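Dock chain V with the ligands against chain A, hints included.
Line by line, the protein sequences give chains A and V. Heads up: the first sequence runs through residues 1 to 244, numbered per my numbering. Heads up: the second sequence runs through residues 1 to 327, numbered per my numbering.
Hints are computed from structural coordinates only; laboratory data are not their basis. A few of these clues could be false.
To be verified - Heads up, incomplete: computed chain V residues facing chain A, CB under 8 Å, no partners named:
1. Ile176
2. Ala178
3. Phe181
4. Thr183
5. Thr184
6. Ala187
7. Asp190
8. Gln193
9. Ala196
10. Val198
11. Gly199
12. Asp201
13. Arg270
Remember, it's a predicted structure, so these values are computed and weren't measured experimentally. In this text, a Cβ means the ideal position worked out from N, Cα and C, and glycines have one as well.
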Amino acid sequence: MLRVEGLCKAFADFQAVNGASLTVRPGDLVAVIGPNGAGKTTLFNLITGHLQADRGSIRFKGEEIGRLPAHEICRRGIARSFQIANIFPRLSVFENVQVAVLSAKGLSRNLFRPTRRLVLRETESILERVGLQNRRVDLAGSLSHGDKRILEIAIALGNEPELLILDEPTAGMSPEETAATLELIRRLARDQGLTLLFCEHDMEVVFNVATSIMVMQHGMTLVQGPPEEVRANPVVQEAYLGRE
Amino acid sequence: MRPQRTVSPATLWALGLWLALFFAPFVAGRFAVYLLGVILVTGLLAMSLNLLVGHGGAYQFHHAAFYGVGAYTAALCITKGGLPAWAGLAAGPLAAALAGLLIGSLCIRLNKLYFGMIQISLGSLLWILALRWYSLTNGDDGIHGIPLPEAIAGPGGAFACILAAVGLCLLAMHRILASPFGTTLRAIRDNPQRCAAVGIDVRRHQLAAIVIATFFAGVAGSLFVVLEGSVFPDMLFWVYSLEIFIMCLLGGWFTFFGPMLGAAIIVLLRTLVGGMTEYWTLVLGVVLIGLIFFLPEGIMGIGHRLRLYRRRAAGASSPRENGHAAG
Ligand SMILES: Nc1ncnc2c1ncn2[C@@H]1O[C@H](COP(=O)(O)OP(=O)(O)OP(=O)(O)O)[C@@H](O)[C@H]1O
Ligand SMILES: [Mg+2]
Numbered sequence: 001m002l003r004v005e006g007l008c009k010a011f012a013d014f015q016a017v018n019g020a021s022l023t024v025r026p027g028d029l030v031a032v033i034g035p036n037g038a039g040k041t042t043l044f045n046l047i048t049g050h051l052q053a054d055r056g057s058i059r060f061k062g063e064e065i066g067r068l069p070a071h072e073i074c075r076r077g078i079a080r081s082f083q084i085a086n087i088f089p090r091l092s093v094f095e096n097v098q099v100a101v102l103s104a105k106g107l108s109r110n111l112f113r114p115t116r117r118l119v120l121r122e123t124e125s126i127l128e129r130v131g132l133q134n135r136r137v138d139l140a141g142s143l144s145h146g147d148k149r150i151l152e153i154a155i156a157l158g159n160e161p162e163l164l165i166l167d168e169p170t171a172g173m174s175p176e177e178t179a180a181t182l183e184l185i186r187r188l189a190r191d192q193g194l195t196l197l198f199c200e201h202d203m204e205v206v207f208n209v210a211t212s213i214m215v216m217q218h219g220m221t222l223v224q225g226p227p228e229e230v231r232a233n234p235v236v237q238e239a240y241l242g243r244e
Numbered sequence: 001m002r003p004q005r006t007v008s009p010a011t012l013w014a015l016g017l018w019l020a021l022f023f024a025p026f027v028a029g030r031f032a033v034y035l036l037g038v039i040l041v042t043g044l045l046a047m048s049l050n051l052l053v054g055h056g057g058a059y060q061f062h063h064a065a066f067y068g069v070g071a072y073t074a075a076l077c078i079t080k081g082g083l084p085a086w087a088g089l090a091a092g093p094l095a096a097a098l099a100g101l102l103i104g105s106l107c108i109r110l111n112k113l114y115f116g117m118i119q120i121s122l123g124s125l126l127w128i129l130a131l132r133w134y135s136l137t138n139g140d141d142g143i144h145g146i147p148l149p150e151a152i153a154g155p156g157g158a159f160a161c162i163l164a165a166v167g168l169c170l171l172a173m174h175r176i177l178a179s180p181f182g183t184t185l186r187a188i189r190d191n192p193q194r195c196a197a198v199g200i201d202v203r204r205h206q207l208a209a210i211v212i213a214t215f216f217a218g219v220a221g222s223l224f225v226v227l228e229g230s231v232f233p234d235m236l237f238w239v240y241s242l243e244i245f246i247m248c249l250l251g252g253w254f255t256f257f258g259p260m261l262g263a264a265i266i267v268l269l270r271t272l273v274g275g276m277t278e279y280w281t282l283v284l285g286v287v288l289i290g291l292i293f294f295l296p297e298g299i300m301g302i303g304h305r306l307r308l309y310r311r312r313a314a315g316a317s318s319p320r321e322n323g324h325a326a327g
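Bound conformation, chain A alone:
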């Protein structure tokens, strides 16, 4: 479904991503792991068009998407959440998700129908799925950190993506929130057959959820494979897991 090969991106002199490769098949739950600064976020920004790669290829469903702007990539079926909660603070929780649903349905430029009567059921169903239905009228900016992260995921779901990319979905969450989020992600993957690409520092989350793990270091892909294989890999143990 998604195939990334030899991707490189430099900021000034600094090679943030330097030969990253990645394969995501339909139905996979792929985790990207690596120490801070390994280039995980940069890799996701390249895939979703928020940054342009210097070299390498990104193919999604057989089409090269490396040169497309972010909104075009989203329209082709890739939605994402951000590492730092990235929401619409002055819109209500409901409207936050509604904006994404409207966009997915090609209604964003409609001038003549009232928003308050559109895509209500779809939006409501997403809020229920993630458990934010009781906060629907609250301003998104007034949510707790954990709820903002959940809202992030809800916004991404609004696009009805084929591939969902989550950048550290549990960052900054309490252990209970982490557990709940983990459960949510599992449930979403199971019930909707979502294909998921995520990065995460919590090894428990990673080995609990992922069907495939990609290990990154200094912008490079060390290895990608099923969890047992990655856990057993001596290079990975030395480079990363050993330090846990």
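Relative to chain A, chain V with the ligands alone:
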């Protein structure tokens, strides 16, 4: 069980006020009616700016330029183009929207601050044209005695025409802001990066918003011609853009009617200061400083804050804030 926004009391009040105002020429003096007309035209202009800046988060620094384009187009079409007055008045908003499209497409790729700066430069260019191209625009004398159809030539007819047009424009703007386009526009204001990530073409959306806002600025320009029967280069002067900005600030960004209220206050203030026009910029400066220190969210902002405060005092355990979207 959803964020219902039924007809708000503010909308009902506005509707009632609008209808009542049609009787103004029968009860109020000539000058009062004229002043009401000025407030309506200026308020429409300020509200069109608010559509872009308050709801769209754009850096529209020289909105008056489009007001001027609308007014001059109407005036020139009627006096030099020999068009019937109605056609000329309709051409005003179209020309303003076209100017918005051109200047907008030029600037939209730049970052916000450069966007504003280039806009000031291009707008000032138009001002110079109006000021110096004597053979066409009569320079700083402006164009006077623009012939208008009899129905709207007198003060009563002009006022009714302005009131009707402003009412229609406000209705249209309200609907636009309540539409998916408007919701998406507010989302772009809040977080353009996130908007791109949910599949919204941010630049195209903003350009469309510019065209819409400049169209309404052009309507205000045409209505100025109806009101005054003349146009002046000062309408395009950048200080006037600052004045419109202050009206929005005074009434309250993010609110729908705020800029109209701000326009009313500024227009009345200018009438009071009257003869001492050389002190007008000073007065404006004082108003601006006072606003920044005492009323950062404008007059309508106070109302909003009071409501919040009352709701909290009423014992809501979790602080619930409601959107202050349109209305
Ligand atoms: N816009 C930028 N300009 C310059 N350097 C950047 C930029 N973005 C990231 N970097 C650098 O690139 C490197 C990789 O950053 P990235 O955010 O991709 O790492 P990460 O793997 O997501 O780390 P973390 O686990 O902390 O989120 C870091 O050293 C960072 O300082
Ligand atoms: Mg990161």
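Now for the hints, and whether the structure bears them out:
no. : hint   : in the structure
1   : Ile176 : holds, 6 Å
2   : Ala178 : holds, 5 Å
3   : Phe181 : holds, 5 Å
4   : Thr183 : holds, 5 Å
5   : Thr184 : holds, 5 Å
6   : Ala187 : holds, 4 Å
7   : Asp190 : holds, 4 Å
8   : Gln193 : holds, 7 Å
9   : Ala196 : holds, 4 Å
10  : Val198 : holds, 4 Å
11  : Gly199 : holds, 4 Å
12  : Asp201 : holds, 5 Å
13  : Arg270 : violated, 32 Å
Hint check: a violation occurs at hint 13 only; the rest are consistent with the structure.
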